[in-house]
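Visitor: First to last, the protein sequences are chains A and B. Under this note's numbering, the first sequence is numbered contiguously, ending at residue 180. Under this note's numbering, the second sequence is numbered contiguously, ending at residue 438.
What the hints contain is simulated information worked out from the structure, not anything from laboratory work. Be aware that one or more of the hints could be misleading.
In silico DSBU-like pairs for lysine-lysine, Cα to Cα no more than 35 Å straight-line [unchecked claim]:
hint, chain 1, residue 1, chain 2, residue 2
1, B, Lys138, B, Lys220
2, A, Lys125, A, Lys80
3, A, Lys178, B, Lys220
4, B, Lys225, B, Lys264
5, B, Lys225, A, Lys80
6, B, Lys225, B, Lys275
7, B, Lys275, B, Lys264
8, A, Lys80, B, Lys220
9, B, Lys264, B, Lys220
Model, not experiment: these values are computed from the prediction.
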Amino acid sequence: MTIRTASPSIGPSPMFLVDRLSLWIGRALSLVFLVIALMLGWEVVVRYLFNAPTYWAHEIAGILAAYAFVFGGAYCMAEKSHMRITLVLERLGPRARQVIEAISLLAGTIYIGGLTWAAWRMSEKSVFRFSAEGLWLPERSGSSWNTPAPGFVKLALLLGGLLFLLVILRQFLQMLRKER
Amino acid sequence: MDIATLSLLILGAMVTLLTLGIPLAFVSGAIAVVLALSHFGTGGLFIIGSRTAEFLGSFALVAVPMFVLMASILERSGVARDLYRAFHVWAGGISGGVGVITTLVAVLLGATTGIIGGEIVLLGLVALPQMLALGYDKRLAIGTVTAGGALGTMIPPSIILIFYGITAQVSIPELFLATLLPGLLLSGLYIGYILIRCRLNPALGPQIDEADRNLPLAEKLRLCKGVALPVLVAGGVLLSIYAGFASITESAAVGVLGTLIAAKVRGELNWPMLKDALVQSLKTCGMVFWLVFGTNALIGVYNLLGGIAFAKGLLGGISSEPEIILLVMILSFILLGFFMDWIGILFLTMPIFLPTLQGLGYDPIWFGILFNLSMQIAYLTPPFGPACFYLKGVTPPDISLQDIFAAQWPFIALQVFALILVATVPGIALWLPDLLYR
Chain A
1 MTIRTASPSI GPSPMFLVDR LSLWIGRALS LVFLVIALML GWEVVVRYLF
51 NAPTYWAHEI AGILAAYAFV FGGAYCMAEK SHMRITLVLE RLGPRARQVI
101 EAISLLAGTI YIGGLTWAAW RMSEKSVFRF SAEGLWLPER SGSSWNTPAP
151 GFVKLALLLG GLLFLLVILR QFLQMLRKER
Chain B
1 MDIATLSLLI LGAMVTLLTL GIPLAFVSGA IAVVLALSHF GTGGLFIIGS
51 RTAEFLGSFA LVAVPMFVLM ASILERSGVA RDLYRAFHVW AGGISGGVGV
101 ITTLVAVLLG ATTGIIGGEI VLLGLVALPQ MLALGYDKRL AIGTVTAGGA
151 LGTMIPPSII LIFYGITAQV SIPELFLATL LPGLLLSGLY IGYILIRCRL
201 NPALGPQIDE ADRNLPLAEK LRLCKGVALP VLVAGGVLLS IYAGFASITE
251 SAAVGVLGTL IAAKVRGELN WPMLKDALVQ SLKTCGMVFW LVFGTNALIG
301 VYNLLGGIAF AKGLLGGISS EPEIILLVMI LSFILLGFFM DWIGILFLTM
351 PIFLPTLQGL GYDPIWFGIL FNLSMQIAYL TPPFGPACFY LKGVTPPDIS
401 LQDIFAAQWP FIALQVFALI LVATVPGIAL WLPDLLYR
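Bound conformation, chain B alone (with noise of 0.2 Å):
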């Protein structure tokens, strides 16, 4: 069988056995075992073991459990709660004003996770049911939440990027860095927006309540006083990885010890509780990490048989200009990512795009921002979006999923348009790691 036929059966194997519903875990593994087994021979199992173990020997890896604990053990605090209460009387007379709280809010959230599930969660318990309460028109405030929700992966620290990294080989904290500004981008974009629709039609947004905007300022300040120590800590270790103070993996570690203090000294420290956070993060290791084992056998193999040369010439085969390869790329990722998560995506595409990329001489760094600015999208995009599975969980029956869904297309149109704006004008993702490290 040429590569050809084998990659379309590869491919229609993955769709069918997905939808089928087949844990995401073990569809590209299987069939990377099959197609070792058929090709090679049982000695062709020892690809699939060996860039197992040599993926799991990275030590880059050990950030991604010191993030996700961190943000388990906020997500059991009263942080989240907390930061909300206390930014949401700064909101004023003005209408929108809650929705910009709450982007704000999910930027700052989005500063301590490096993971977009918990965030939206918080979010989605906390935000929505104050902004529906005050009578926000629903699809607003829905795609307030998970748009901003989704952006824990666009604002450092962030799991993508780690695995990007590792994959590209390109610096953590240089990626950490590129993000920044296309992040806060993408949150002034949602700013905005609420604020223009809710100029034009003040009943889309309405003010909060007179008692709150009238709070002594002593009161609003002290409200901020609960949430200052978590924020530190959350800016400390994004400092002490810009600054080079520490590895990622060392200032996510003090990271996870400055949230157990945070969480101490606001008397929210308990044995049940960090048990709690300790094997919620157990279980999304054993998730994120098996799909990524998978993944990465699958490519693997399909490497052995010439698939990814194959895909390859196809990918350079399609044009001369290397603006329209690029744009290949991306609208691939954009294409994928309504039926598949990032994980699959970036061990499916990397291999095959990041070759190309560098023949065509663009930037590794800036390329891994156009590539998270583009799960942004897929986040939020039907059939398959998590943002608004996340959000679904926890909202009351009335709301359905086509309503989370059909509240997205504006936040996806605004998404869209950072995405270009970062891909034309490259200056926004590579200005500051520029300025700093290079």
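Just chain A, same shape as in the assembly (with noise of 0.2 Å):
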């Protein structure tokens, strides 16, 4: 009862091209999860065999796992899995449900507004940024390899809470419609 993994209120609901879109995305990025493993596990082989750690494992490996997490944010809302509490909900009538389904749907959408908005702000300071003579300068990691690995979080954030806020706003619209 309590932490469920399907909405209550809203039925099974005909899938649209945004919860397509997150759901296949989602099922891609979980292949990180396997490329992280080769990688890591490549990483230590070659430090304890060869005694030539690579430069790269442990960056990729990060940037890969944040666009990983954060667009699974979208996986679940457009699955309607994120946890809640469900012990109030289910004593409530139809009516009253669809009411904090809203209020859910608004909650989201403040939320993840709001921080989609900063991590646009963010990724202009850390990706888009260009010389004088129109040379890329990303901000960079300040490792050996010095990659831009914080601009590329940034812009994890930025598409996987565009893509989240996008499952969210369309469950709001398709709720309007229904009132009508």
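Using the hints, build the complex out of the two chains.
Guide: As structure tokens, then:
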């Protein structure tokens, strides 16, 4: 009952483009975990057997994982599997449930909207930086490889947040249409 | 509005929204955005964005999907069933023997996973029907499964301790080592409890079937063969972490590869199964991480509003005795555990507790273990007892949630006892890390 993986108030809904996109991206990004396992496994092997640690494995693993974590949010939203306490919800009538569902989507819009806006402004500063001559000058990690990792993470937050927001807004629209 | 009123308002809003059934991932995040906008304007949103990005950038987090994936693969293979079968024939003619075996299997499964959900589901599917079929007392059997399954985060590796280590900025391998003895102590208490109850009243835990008991030794050993490899992989991961062969994340990644090989050898690895395990891991990460993002954002804004300083002052003003303050902290873990999950409690309390703790001169590693033990209690206590909900998902309909909750009390009492022991004798937690690392 309490932690449940399906929304109790809106039944099976037709899949919309953003939902399908979120689920597809989620499935594709889940492969990242396998890639990370292989990469870090490789890193351990070459470090011990050949005494030649890679310079790239950790940084790439971190970036890939960040994308998977962020887009996991949109995946769960499209699947309506974000955790919620349904103790009270289960005892309410359809009308009250609808109201709670609306509050949920509003809270989601406020949070993900605010976060995505901040992610946009931060990505602007970190990723879309150019010198006077038009050279790309992203924020860099400062490691030996010095990748633009911090920028990539912020970009993940921007893209993943945007998709998450779209899924929420899509559910909002569907609810409004039902009202009419 | 002064900070005291504001704090009450935030707390009230959180409790209201959570009980109404607003997704946990949105509640704290939405409150954080509203607070940031109303107090600092759009610039306030940067604190939310940058804290989230900074958190997302910590490499130690990569260990989380690795441990989750390891568990997801094992869940989809028959390892748990075989492990149980291999162990159960050793139960012999002892009353309550199968309950003891269930606890031992739970400890072993706990060493392969760092989360509790999967473990409880596995035990609920494999061990509970077996015990009930033998005629075990319903409550004893249920309690054994939920309390045993909750050990997943008490026996290293542990997702809770990874997040605690990142928050408190202490060594995660040390935490993993420190939780080992308290985890075994807790398992020992469960086993002792089962044995005593069944000795006093053998009807509570009947012996296993004659046929299973009299299985020839060679046959019993043959059963162990199939589970040797996965157990070795889990042991290897822990050894690699403790001995410092590789970082936690690397060890977990190698553990994933080892688990894949073990599944392959057992003839269980195929693409649909792996795909399923991967997507399951992504979902778990999506849920857990967005919960953390929201709580982390709220803490950031609350801190900027002077809330953390306020709460620290409040905490420090309780008493001049360090022991009393420590007691208040642990009691608030337990109290919050009735209503919240561990992530919420961790991110809500630690920014306040950790600086106070260091001022009092307590060891943050030991404190992490006290937190971990408190979360064992939080898993079982109603109305928000995740372990019970997980089990309810897989039990036959004639076992109600009320039955499950009613079964927890003796085990909660044992957890409280273990918590008191480790709180009064810090050596139980600190002896091993002191021995190996300091």
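Visitor: All hints, please: hold or fail.
Guide: Here is what the structure says about each hint:
1. The straight-line distance between the Cα atoms of Lys138/B and Lys220/B is roughly 28 Å, inside the 35 Å bound, and the hint therefore holds.
2. The suggested pairing of Lys125/A with Lys80/A holds, with an alpha-carbon distance near 33 Å, which does not exceed 35 Å.
3. Annotation: proposed proximity of Lys178/A to Lys220/B is violated, straight-line Cα distance about 62 Å (limit 35 Å).
4. Distance check on the hinted pair: Lys225/B and Lys264/B sit about 15 Å apart at the alpha-carbon level, within 35 Å; holds.
5. Under the criterion of a C-alpha separation no larger than 35 Å, the hint pairing Lys225/B with Lys80/A is inconsistent with the structure, at around 41 Å.
6. At roughly 27 Å between alpha-carbon atoms, Lys225/B and Lys275/B fall within 35 Å of each other, so this suggested pair holds.
7. For the given pair, Lys275/B sits about 15 Å from Lys264/B by alpha-carbon distance, which is consistent with the 35 Å threshold.
8. Among the hinted pairs, Lys80/A with Lys220/B is inconsistent with the structure: their alpha-carbon atoms are about 46 Å apart, more than 35 Å.
9. Annotation: proposed proximity of Lys264/B to Lys220/B holds, straight-line Cα distance about 23 Å (limit 35 Å).
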